[in-house]
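All chains should be built: construct the whole structure from the sequences, respecting the hints.
Converting from the sequence shown to the numbering used here requires adding 30 to each position, the first position being numbered 1.
Treat the hints with care, since some could be wrong.
SDA-like, lysine to any residue: derived pairs with alpha carbons at most 25 Å apart [claimed, not checked]:
no.	residue 1	residue 2
1	K159	Q196
2	K159	V113
3	K159	A88
4	K159	T111
5	K159	I82
6	K159	T73
7	K159	V123
8	K159	M74
9	K159	S116
10	K159	A75
11	K159	E181
12	K159	S98
For each label pair, taking beta carbons as the anchor points, the in silico distance ranges come out as [claimed, not checked]:
no.	residue 1	residue 2	range
13	T127	P208	17 to 23 Å
14	G126	Q231	37 to 43 Å
15	P213	T162	22 to 28 Å
16	G172	P192	33 to 39 Å
17	Q231	P191	41 to 47 Å
18	L170	V113	24 to 30 Å
19	N166	V113	42 to 48 Å
20	G172	N78	18 to 24 Å
21	G195	E91	46 to 52 Å
These are computed hints drawn from the structure, not numbers from a lab. Ideal Cβ placement from N, Cα and C applies to all residues, glycine included.
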Amino acid sequence: MRLLFRFPAILLCAGLLLGNTQCQQSNSSANGGSDGSPTFVTTMAVENANGIPTTSFASGEGIQFVLSVHNRTAMPQTITTQVCVSQFDIAVVTAGTANVVFNGPVPGVQCMAISLDGVPMAFAANETKTFTVIWNQTNLAGGLVAPGNYEVMGGVVCWNPPSNGQSAGYDTVNCMAPGVPAPQELTPTQYRSDLVAFTIQ
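Below, the structure is given as structure tokens:
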């Protein structure tokens, strides 16, 4: 009889231990605050070159993507990132698909340094950080994308330090990672924005 009472307690402890292997954000968790609400809210805006929200663009016109990451708590928070890698990434896809036509920001020369523990990106209480990419409508091969309907999303590039026997690496479950995202990475989380639709005429 005692074994029947202990079994649920063992399952609960195992669940709690397994839950701690997820995205290790300093002072924040992948599940958000103690009330279950997210610690961060990440949004994407699509604008013209003058910073005016727009959903329709002429072919070849510059398109400005503004990614905002907001600490919605009254406490300082940090997200673990990596050195020599952009703190954010965006992906443009053909509307309704996972076909990535552009991924940015376009990388420059990157150093080879890697910190297994990562580096903190600090947010003050209620702080919003914004990141901007101006896209000239070129595709991954360098040519112009065809006119049509597109969607864009973006997010923070997070790093998971080694923990609980897990090796270090980029968090592709909750965040973005450098390079073209896989289809399962094109879903919104507190560290990735919703897909925002726009049209190229």
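Here is what the structure says about each hint:
1. Our distance criterion of 25 Å between C-alpha atoms is broken by K159 and Q196, whose separation comes to about 30 Å.
2. A C-alpha spacing of about 18 Å is found between K159 and V113, which places the hinted pair at or below 25 Å, so the restraint holds.
3. This hinted pair does not check out: K159 and A88 have alpha carbons roughly 29 Å apart, beyond 25 Å.
4. Of the pairs offered as hints, the one joining K159 and T111 holds, with about 14 Å between alpha carbons and a cut-off of 25 Å not exceeded.
5. Between K159 and I82, the direct Cα distance comes to roughly 19 Å. Compliance with the 25 Å bound is thereby established for this hinted pair.
6. A hinted pair counts as satisfied when its Cα atoms are at most 25 Å apart, and K159 with T73 qualifies at roughly 11 Å.
7. Between K159 and V123 the CA atoms are separated by roughly 24 Å; this keeps the pair inside 25 Å, and the hint holds.
8. Taken as a hint, the K159 and M74 pair is honoured in the structure, with Cα atoms around 12 Å apart against an allowance of 25 Å.
9. Restraint check for K159 and S116: satisfied, since their Cα atoms lie roughly 14 Å apart, inside the 25 Å limit.
10. For the proposed pair K159 and A75, the alpha carbon gap of about 13 Å is at most 25 Å, so the pair holds.
11. With a C-alpha separation of about 22 Å, the suggested pair K159 and E181 falls inside the 25 Å cut-off, and the hint holds.
12. Distance restraint check for K159 and S98: the Cα-Cα separation of roughly 6 Å lies within the 25 Å cut-off, and the hinted pair is therefore satisfied.
13. T127 and P208 have their C-beta atoms about 22 Å apart, which keeps the hinted 17 to 23 Å range intact.
14. Distance hint for G126 and Q231: a CB-CB separation of about 18 Å, inconsistent with the stated range 37 to 43 Å.
15. For P213 and T162, the Cβ-Cβ distance of about 26 Å falls inside the hinted range of 22 to 28 Å, so the restraint holds.
16. A hinted range of 33 to 39 Å for the beta carbons of G172 and P192 is consistent with their spacing of about 37 Å.
17. Taking 41 to 47 Å as the suggested C-beta distance range, the pair Q231 and P191 conforms, at roughly 46 Å.
18. Look at L170 against V113: about 25 Å separates their beta carbons, and that is inside 24 to 30 Å.
19. Between N166 and V113 the CB atoms are about 28 Å apart, so this pair departs from the stated range of 42 to 48 Å.
20. Under the hint 18 to 24 Å, the C-beta atoms of G172 and N78, about 23 Å apart, fit the expected range.
21. For G195 paired with E91, a C-beta distance near 50 Å keeps the hint of 46 to 52 Å intact.
Checked against the numbered hints given earlier, this structure breaks hints 1, 3, 14, 19; the rest are met.
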